[in-house]
Amino acid sequence: MSRRFEHRLHRELAASRPPRSADAERRAWAVVRAAHAARSPVRTGRGRMRLALVAVGAVVAAALALTPAGAKMGGWIDDVVSPAPKVTHSSLSSLSALPAPGRLLVMADGSAWVVSDDVAQRQLGAFSDATWSPNGLFVAGARGHELVALDPQGTERWTRPAAGRVSVPRWSPDGYRIAYRSGSELRVVWGNDARDWRIARGVGDAPPAWKPLAEPAEQVLAFAAGARVRIVAVDGGRVLGQTPAGPPAREIWWAEGGRRLLTVTEHSVRVHGPGGALLRVVELPAGATVTGSALAPGGRRLALISRRGSVSRLLVMRLGRAAPPRSRLSTDGALDGVTWSIDGSVLAVGVPAADQWWFVPPQGAVGVESVKRIRKAFAGGHEPRRGEFPRLVGWCRPEPADRSTSGQPPCSLGSAP
Amino acid sequence: MTSALARASTIELTAARLGPAELARPSRRRERAWVRAAQAGSHEGMEALFRAHWAPAHRAAFLIVHDAAAAEDIAQEAFLAAIRALDRFDRHRPFGPWLHRIVVNRAIDWSRARALRREVAEPVESEAPPERGLAWSDEVVAALAALDPDQRAAVVLRHLLEYTPGEIADLLEVPRGTVNSRLRRALDRLAAQLEEERA
Chain A
1 MSRRFEHRLH RELAASRPPR SADAERRAWA VVRAAHAARS PVRTGRGRMR LALVAVGAVV
61 AAALALTPAG AKMGGWIDDV VSPAPKVTHS SLSSLSALPA PGRLLVMADG SAWVVSDDVA
121 QRQLGAFSDA TWSPNGLFVA GARGHELVAL DPQGTERWTR PAAGRVSVPR WSPDGYRIAY
181 RSGSELRVVW GNDARDWRIA RGVGDAPPAW KPLAEPAEQV LAFAAGARVR IVAVDGGRVL
241 GQTPAGPPAR EIWWAEGGRR LLTVTEHSVR VHGPGGALLR VVELPAGATV TGSALAPGGR
301 RLALISRRGS VSRLLVMRLG RAAPPRSRLS TDGALDGVTW SIDGSVLAVG VPAADQWWFV
361 PPQGAVGVES VKRIRKAFAG GHEPRRGEFP RLVGWCRPEP ADRSTSGQPP CSLGSAP
Chain B
1 MTSALARAST IELTAARLGP AELARPSRRR ERAWVRAAQA GSHEGMEALF RAHWAPAHRA
61 AFLIVHDAAA AEDIAQEAFL AAIRALDRFD RHRPFGPWLH RIVVNRAIDW SRARALRREV
121 AEPVESEAPP ERGLAWSDEV VAALAALDPD QRAAVVLRHL LEYTPGEIAD LLEVPRGTVN
181 SRLRRALDRL AAQLEEERA
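For the record, the sequence lines run as chains A and B. Counting in this note's numbering, the first sequence runs from 1 upward without gaps. Counting in this note's numbering, the second sequence runs from 1 upward without gaps.
With the rest of the complex left out, here is chain B:
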């Protein structure tokens, strides 16, 4: 790692930490520099990528699985999977969608597995009971939990991570029409449920 690159990474890492909104996506140019640095072994480059992408990945996982310990595991393992494949990563493509694809698919798998266990009447227990952050809107979280995992994933990708339906279709490897219908049904159910609770 050249010292110039290390300095640049450090500066950008600071920027990533102090960014105005945690969920704001880093610029493509900056992200390419981080990926290049991380591929070359730079700790600063890797940390910049981690700090920029951890919060959205962790939130997305949590909103799909509704289990704090599982969400942490899923987000962490997604980063480890990304590190294993880092050398093969095409720097001209954005890092976020690559990571989010892993997170969301794993979160869906985890939720389906839990639902299957429920069907055979086994108690579902995580090591730590599901927790709520004080700042979450209880209404929205509860309404989201009532959706099936595919619908939750579509809502999270669209309304938290701000992907277009076309991008979501690519990430989940389903037709765009399927994404649109999942989103429509999910939002209808959310609206109805929130309306009902308010009434």
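One chain only, chain A, in its complex shape:
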């Protein structure tokens, strides 16, 4: 074999790139970085000192968290030392089951989709937003100036026209009402389309939040109105309370069975009593913003996505404890949309740069199960669009017909867009 041939071979192999290598490198780095961030560093002398500092810091942070409402937390202990992660990969088509039981509601490419327990996908139709009914028997969808109720097979039950563009539908916990925004009005419609009435004008962008149904009494809704969040009994329109003026709410959650009202703002989580009194403020570190949140089933943990510079973090905050939120993982670029499995064992989060969903346990060892090529899986056979990433909007129990009480709440809602 001539040296000349070998030189030519070397030159040709070395000079070129695999197809779309820049995209592949970007996706791979997002995954590798997260895996590296979640592993335990080697303990050196400096490492031990660092751990000691973390321990001291945790005590300081806990003390700060116990200070009165409005006190600023000195900084989150976000460099949590986690065990090395186990990372497994698959594509949606190669999964035999979701990492936790239930069905996913997904918004992708201008459509709503249901992904069933066995990972079969069903496209429900073109919608800009959608939500589960409380037991997962139906889906409410926003389609232009229409609110649509349909079953998970995609059969439309009724359609309600609205004066404004419909958004953020939310089904009440008793299953008889749907709150939705029509333009900037907040309205409520009976679940059988019999009655539709206005609750407020000029409401904020945050989706309204129904108070969990503890008693078969009045249905209570919290919604953003300017600098406050108002709490109303929807049938009579009675105002039950409001929060003090504060930064605009990005998301609103009723936690601990309705005993706490959380308002998630751009830079903080504000914890209120059931009537709106401010109890505590947990602020993000300077420069960090909240880009998403989701309340765990049972209402005792809040998942947050924070972003500072190019780095996004997935955090879990235990509401009953003064301890600061714990970082579960961090990655370059955005994390988009977070939701809890109905058994609370898994957090699902979108990673647009990697074109993946990551399923992460909220506590214990970090084991990331990544599901790849998400855009293509929801492109409906078309070339996936780069600008829109499939968003997990809710996780509901597997069989709608199965009303057996397993102790698990039937559905959990994902973060708002």
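Worth flagging that the hints you see were computed from the coordinates, not collected in a lab. Since the structure is predicted, the reported quantities are computational estimates derived from the model, not experimental observations. Just so you know, nobody snuck in bad clues.
Across the chosen pairs, the derived CB separations fall in these ranges:
hint, chain 1, residue 1, chain 2, residue 2, range
1, B, H92, A, G287, 37 to 43 Å
2, A, S345, B, A85, 25 to 31 Å
3, A, G154, B, D90, 53 to 59 Å
4, A, Q123, B, R91, 50 to 56 Å
5, A, Q123, B, D90, 50 to 56 Å
6, A, A97, B, N180, 44 to 50 Å
7, B, S27, A, G298, 51 to 57 Å
Backbone N, C-alpha and C define an ideal beta-carbon position, used for all residues, glycine too.
Guided by the hints, dock chain B onto chain A, whose structure is given.
Frame of chain A; chain B shown alone:
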């Protein structure tokens, strides 16, 4: 991570990104510093290692499997395997061969599995059809694809990653004579095929 080490890593990361040739191996001293930083939890150290080694690993995988999606998976999973074993890694040994051993062996396994599926007449489909980069020499790639996976691996290790036959023997855990014979047969077939196409 001390700030000095972080600064050093950042400087070296910049160097890794702006290196004159993507496939050029980083110096041993620099690589040791990156590994040490990555072991200590430094994001910059890990990124420097990744940027320095991703391109050759990805190319090697692609040239062996000839499937873009599979090559990406193999290279990515090799890095994840390396991270899992990072604490046990001996910093005095070079990182590249350690990574390339994982990549090449996984790529060979993947290619053999695909060949087995072909034997039972199942259609072989990846989620994305195999693609060619515009800059690849179609002749060379096509000729390489006609070799068996072991021969492809030997050619890639020798003529892309520039290992000696002795090093290849260590990486693949086969006798050196086997490597030499695989290389000789592979190059003979490549030369014949390229000659034939040209004729």
